[in-house]
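Quick note: the sequence shown uses our numbering, first residue 25, plus one each step.
Don't take every hint at face value.
Subject to a maximum C-alpha distance of 27 angstroms in a straight line, what follows is the list of computed BS3-like cross-link-like pairs (lysine-lysine) [unchecked claim]:
{"id": "1", "residue 1": "K417", "residue 2": "K464"}
{"id": "2", "residue 1": "K148", "residue 2": "K165"}
{"id": "3", "residue 1": "K417", "residue 2": "K135"}
Just so you know, these hints were derived from the structure itself, not from any lab.
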Amino acid sequence: MKAWPETRQSSMKRPLRPRGCNKYSTSMGFFLNKGIAGLFVAFLFCLAGTTVMWCTSLFQDLVTGTMVISNSSNTWDWWRAPPVSPLLMVYIFNYTNADTFGQDGQKLRVKEVGPFTYRETTEKVDFKFYDNATLSYHEKKTYEFLPEMSAYPESAKVYVPNIPFLSAVAAARDRNFIERWGMNMMLHSFDSKPILHINVRDLLFGYEDRIFNVAKLTAINGQIPFQKFGLMVPKVGVSEHEITMHTGAGDMSRLGQIVNFNGYDNQGVWRSDECNAIQGSDGSQFPPPSVSPEARLWVYNRDMCRRLPLVFNEYTEAQGMPAYRFGMPANVFDNPRDNPDNACFCHEDDPSLCLPSGVFNASACNLNAPVVMSFPHFLHGDPALLHNVEGLKPQPGQHDMFVDIHPKLGLTLGGVSRLQVNVQVRRAAGVLGQTMSHFKDLSILPVAWFELKVTEFPPPLKNLLYHATFTVHILELLLMYGFLAGGIASAAVLFRRLCLRERGTLDLSAESPDSDSS
Numbered sequence: 025m026k027a028w029p030e031t032r033q034s035s036m037k038r039p040l041r042p043r044g045c046n047k048y049s050t051s052m053g054f055f056l057n058k059g060i061a062g063l064f065v066a067f068l069f070c071l072a073g074t075t076v077m078w079c080t081s082l083f084q085d086l087v088t089g090t091m092v093i094s095n096s097s098n099t100w101d102w103w104r105a106p107p108v109s110p111l112l113m114v115y116i117f118n119y120t121n122a123d124t125f126g127q128d129g130q131k132l133r134v135k136e137v138g139p140f141t142y143r144e145t146t147e148k149v150d151f152k153f154y155d156n157a158t159l160s161y162h163e164k165k166t167y168e169f170l171p172e173m174s175a176y177p178e179s180a181k182v183y184v185p186n187i188p189f190l191s192a193v194a195a196a197r198d199r200n201f202i203e204r205w206g207m208n209m210m211l212h213s214f215d216s217k218p219i220l221h222i223n224v225r226d227l228l229f230g231y232e233d234r235i236f237n238v239a240k241l242t243a244i245n246g247q248i249p250f251q252k253f254g255l256m257v258p259k260v261g262v263s264e265h266e267i268t269m270h271t272g273a274g275d276m277s278r279l280g281q282i283v284n285f286n287g288y289d290n291q292g293v294w295r296s297d298e299c300n301a302i303q304g305s306d307g308s309q310f311p312p313p314s315v316s317p318e319a320r321l322w323v324y325n326r327d328m329c330r331r332l333p334l335v336f337n338e339y340t341e342a343q344g345m346p347a348y349r350f351g352m353p354a355n356v357f358d359n360p361r362d363n364p365d366n367a368c369f370c371h372e373d374d375p376s377l378c379l380p381s382g383v384f385n386a387s388a389c390n391l392n393a394p395v396v397m398s399f400p401h402f403l404h405g406d407p408a409l410l411h412n413v414e415g416l417k418p419q420p421g422q423h424d425m426f427v428d429i430h431p432k433l434g435l436t437l438g439g440v441s442r443l444q445v446n447v448q449v450r451r452a453a454g455v456l457g458q459t460m461s462h463f464k465d466l467s468i469l470p471v472a473w474f475e476l477k478v479t480e481f482p483p484p485l486k487n488l489l490y491h492a493t494f495t496v497h498i499l500e501l502l503l504m505y506g507f508l509a510g511g512i513a514s515a516a517v518l519f520r521r522l523c524l525r526e527r528g529t530l531d532l533s534a535e536s537p538d539s540d541s542s
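All chains should be modelled from the sequences, with the hints used to inform the complete structure.
And the structure:
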């Protein structure tokens with residue numbers, strides 16, 4: 025039998041290619057190329073997301089940006105009228121031997137009486153927004169007495185230093201003989217005493233005082249806008265002080281910072297620009313970018329005409345959330361010899377003429393009355409402060425102060441502010457010499473100390489902060505590691521596809537070498 029030609033055999037053994045094979049292969053190549061392009065785009069997207077989440081603060085800025093103070097924001101009502109009502113606890117130093125001290129060398133002796141507890145409610149009123157991202161307002165405060173949380177009723181009577189009387193004597197100290205004589209005659213006619221017997225309610229919220237009435241009449245430009253004298257009188261009702269603060273718009277590093285007070289951007293009472301600076305928080309919130317364990321934060325205190333520093337103490341928990349605990353340095357009220365940073369707060373060049381360590385001269389904020397501020401019981405103060413008065417027992421755990429701050433949002437989550445009001449005895453020659461003879465000149469007498477404590481947040485606010493703390497953090501972690509994992513996965517798949525294509529394994533769009541050309 026005749027054999028078939030070799031070429032024919034080869035032709036018969038070749039498998040037939042289905043019709044349309046070239047079109048199918050081209051389509052597959054098109055989709056494969058688009059798949060590689062899609063993987064490349066996905067890789068770039070994940071790379072960009074990873075860069076943003078790991079190398080920038082954009083996500084955190086978006087979160088904190090919702091805290092900008094605006095009357096159209098969701099948090100406006102909570103800022104305008106905080107739903108948190110702190111407790112104000114007042115402890116008064118009752119002078120138990122007011123009638124007998126000085127006899128046989130007897131020192132003044134005090135017994136702490138309290139607490140007298142009040143619920144403080146704050147509201148911000150009279151708003152004015154400005155084009156430079158600032159806002160001015162006045163504060164309105166009310167106080168509700170809580171008998172169930174108080175040791176005594178407000179009607180309880182105490183013996184305390186007579187601040188108007190001692191202020192009048194101090195004012196005469198540097199006057200000429202005629203003025204001192206006139207002051208002496210006036211005080212004799214008023215029959216005033218250096219120690220006052222008064223009930224707690226009047227001491228705190230105002231009582232009629234003849235010396236105070238004379239001071240109002242002689243004050244320049246109505247410097248004393250109050251009808252009665254009392255330790256809490258300037259804080260009750262709508263404050264006369266206008267506060268201007270930064271809203272955080274365009275610059276979150278300035279959120280909540282007071283930029284001027286009553287229209288002034290500095291105090292104008294101290295010896296340097298640094299000490300006259302006003303820039304600081306009101307204590308309710310701090311600029312989020314500035315909150316860190318390495319930071320030094322500032323709180324403006326209008327009762328002392330100065331800002332107070334806060335330094336990091338420890339990591340803690342408040343309102344069920346992590347927090348940074350900040351506190352005032354122990355040397356914040358020290359004499360310039362012990363703390364040179366305080367030299368500008370003393371108007372004397374010789375530190376020995378300044379107040380001793382542990383107390384701060386607040387006369388500039390109190391119409392030059394000899395009012396002195398300190399920690400309770402002269403904590404962290406010169407031991408000499410305890411020698412003139414018996415009964416003081418400073419204890420760090422009970423008499424220091426701290427504030428717990430949200431590490432991301434800068435909000436105050438808790439804390440306790442404790443400050444003591446004192447009066448300095450400044451005797452004047454020829455003024456009630458016999459009455460004042462038992463009082464040591466320049467001695468400092470404690471009057472009362474105030475503890476302002478942040479209470480538990482209401483559930484709606486706590487819930488919002490919970491989500492802002494934990495839910496947002498979980499979302500941040502998911503985005504951080506999600507973008508990172510997506511980038512790695514897309515890069516691996518893309519690399520594999522490119523390697524397979526390079527070897528021709530995936531190149532189905534090319535013609536087969538044994539395709540039928542006929």
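Now the hints, each set against the structure:
no.	hint	verdict
1	K417 / K464	21 angstroms, holds
2	K148 / K165	9 angstroms, holds
3	K417 / K135	10 angstroms, holds
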